[in-house]
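Build out the structure end to end from the sequences listed, making use of the hints.
Protein chains in written order, with my numbering: chain A, 1 to 211; chain B, 1001 to 1249.
A couple of the hints might just be wrong.
[Stated by the list, open to error] Dumping the calculated DSBU-like pairs for lysine-lysine here, alpha-carbon to alpha-carbon at most 30 Å:
1. K1190(B) <-> K140(A)
2. K1077(B) <-> K1121(B)
3. K80(A) <-> K1200(B)
4. K71(A) <-> K1200(B)
5. K1249(B) <-> K140(A)
6. K1097(B) <-> K19(A)
7. K74(A) <-> K1075(B)
8. K1145(B) <-> K1156(B)
9. K1241(B) <-> K1190(B)
10. K19(A) <-> K1185(B)
It is worth saying that the hints were derived from the structure and are not from the lab.
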Amino acid sequence: MLSFCILFPALAGLIRFAKISPVFHPFIYCIWIGVFNECLSILIIKSGHSNAVNFNIYMLVESFFFLWQFKNWKFFENHKHSFSILLGVICFAWLLETVIIFKVTSFSSYFLITYSCMLSLMSINLLSRLILTERGSLLKNPVFIICIAFIIYYTFSVLSEAFWVYGLNESKDFRLNVSNISVFTNLLANLLYTFAIIWMPNKQRFSLPSL
Amino acid sequence: MDAQQTTLFTAILITTFFVGGILIYFIIILIRQQRRNARLYRSKILAEITTLENERARIANDLHDELGPLLSAIKFKLSSIEINNADDEIQMEESSKHLNDIIIRMREISNNLMPSSLLRKGLVVALDEFVRKMPASTGLQINFKHSNIPELGKEKTINTYRIVQEIVHNTIKHADASLLNIELKMENGKMILLTQDNGKGFDYAFATKENTGLGLRSLLSRTDIMNGNLYIESNKGEGAKYSIEIPVK
Chain A
1 MLSFCILFPA LAGLIRFAKI SPVFHPFIYC IWIGVFNECL SILIIKSGHS NAVNFNIYML
61 VESFFFLWQF KNWKFFENHK HSFSILLGVI CFAWLLETVI IFKVTSFSSY FLITYSCMLS
121 LMSINLLSRL ILTERGSLLK NPVFIICIAF IIYYTFSVLS EAFWVYGLNE SKDFRLNVSN
181 ISVFTNLLAN LLYTFAIIWM PNKQRFSLPS L
Chain B
1001 MDAQQTTLFT AILITTFFVG GILIYFIIIL IRQQRRNARL YRSKILAEIT TLENERARIA
1061 NDLHDELGPL LSAIKFKLSS IEINNADDEI QMEESSKHLN DIIIRMREIS NNLMPSSLLR
1121 KGLVVALDEF VRKMPASTGL QINFKHSNIP ELGKEKTINT YRIVQEIVHN TIKHADASLL
1181 NIELKMENGK MILLTQDNGK GFDYAFATKE NTGLGLRSLL SRTDIMNGNL YIESNKGEGA
1241 KYSIEIPVK
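As structure tokens, then:
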């Protein structure tokens, strides 16, 4: 049930969507798609099937939306081709794992690890710019809160996925215990997303060209 | 879980807590560094703006108190000279006219540098005066509305005045607008300055990326040192809307 904590940011986004700056819209869309994916996963699992297919597709869609969000935060401003290159790399990595090497019906762990590392590094990069340009309180800055949530959630995703990939998934108890860590980081990330949505400004704040 | 799995899980937990600890430390360091940066930036901008304003006030005073009386004395002396020659009289009249123009222009410059009404009568009166004195030749009609603006400190008064001045000058120079609405009001303990013109607007993304001029930077610096927020909404052909929130306390 804790995986449904994504409903908190989804509801906050629903309430505030019309008021917040369009810059943050990709993030909100992504949260809503996350809710849809959670519901779909529950239905598929209850019907006795694996949710690997929708999970893999969701990962790809999520990565597109987060890249779009970073683009809106002017992350690619100084390197115009980086956005297209990263988009290409994501598509290639996804196709390579889910279509060419393995099947779409198995969880694409390598893609998740690659994508999580990429998102964590991009978040760290954005934070380093933010501390130079932000003059107000960082704790009320939605970009800061979202980046921190990304770093926390995706760093632990890499850890738990790495344990998963390297054959430590034999015992059910062991798997449950490891996945419990992810559940708590997921809860923390969703709470941070909710705070970030609450602090999202109504209008685009003017900042210096460096961010 | 068997013994080996328990040991592995303990190792995972330790790693998790270790990484978690590093992340928390990283966040704390980031926040401290950002606060230090913001403090340094503010003190630097404050020093620059204070120096600029002091210099402006000094030049305005020098013009008004030293050059002004001197020019008035010259004018008085010129008018007391008796001239019999008609050509000389024409020359004298022209010189007196030039001298009058110089005195008027000098007062305008002195007033632009530091309006005497700004510190004596406050922001609203000074802005009202500034808007009224805007020459018709600019082709810009300015409407100024205000409601319940409390007494602000000297720095906030000067900075808000300069922001309005900058916006008006930007509108005249770049916006190609015929109407500019300026509104000052209080909302939730903050003074809100709203301006909206009907000009050609600008591409916000392009302006923030390419702008290397002093106009927008000056607006931002002055807003920053007042702990305020500056919002700009503009698109090509849709005019420009500035919204500045300044905490009063």
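If you check each hint against the structure, which ones fail? Hint check: 2, 6 and 7 fail, others pass.
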